[in-house]
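Chemist: Sequence:
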Amino acid sequence: MRKAVQGIVVEINNRSCIIMTREGEFYQVPRPTREVRQGEEIRAQLPVSHWSKWLRWGSLAVAILLMFTGWCFYRYTLPVAVAHVSLDINPSLELSVDRNGCVIDGVGFNT
Numbered sequence: 059m060r061k062a063v064q065g066i067v068v069e070i071n072n073r074s075c076i077i078m079t080r081e082g083e084f085y086q087v088p089r090p091t092r093e094v095r096q097g098e099e100i101r102a103q104l105p106v107s108h109w110s111k112w113l114r115w116g117s118l119a120v121a122i123l124l125m126f127t128g129w130c131f132y133r134y135t136l137p138v139a140v141a142h143v144s145l146d147i148n149p150s151l152e153l154s155v156d157r158n159g160c161v162i163d164g165v166g167f168n169t
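Numbering (my numbering), first residue to last: 59 to 169.
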């Protein structure tokens with residue numbers, strides 16, 4: 059969608075002109091078909107940038123890639139139980155141990 063701006067002509071080139079809006083922003087817009095002079099106030103449509111479309115889709119792809127990478131890293135770093143140790147005392151206790159010998163989970167039975 060193109061945005062309409064109104065501003066004062068500051069510089070005129072062959073195919074475009076630079077205008078300054080009331081907010082002090084400068085825009086390069088296509089030169090109108092009629093004759094314009096510096097200092098004249100004109101209304102123009104801003105051209106649609108092709109970079110904005112690529113930027114939108116590129117940022118979406120990067121976000122999806124980062125989410126997938128983060129999910130894979132999270133799944134890789136989760137501790138995995140390699141052994142279960144059961145202690146049969148009253149109440150019984152089952153401990154899950156990872157490959158480093160650290161207890162990662164404990165479940166009580168007969169409680």
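Keep in mind that the hints are not guaranteed to be accurate.
Between beta-carbon pairs, the in silico distance windows are [stated by the list, open to error]:
| id | residue 1 | residue 2 | range |
| --- | --- | --- | --- |
| 1 | Phe126 | Gly159 | 29 to 37 Å |
| 2 | Pro137 | Pro105 | 35 to 43 Å |
| 3 | Asn72 | Phe126 | 41 to 49 Å |
| 4 | Gly82 | Leu124 | 34 to 42 Å |
Just so you know, the hints here were simulated from the structure itself, not pulled from any lab data.
A quick note: this is a predicted structure, and the numbers were derived from the prediction, not measured.
Note that the Cβ used here is the ideal one computed from N, Cα and C, for glycine as well.
Chemist: I'd like to know which numbered hints this structure contradicts. Please list them from smallest to largest.
Modeler: Structure breaks hint 2 only.
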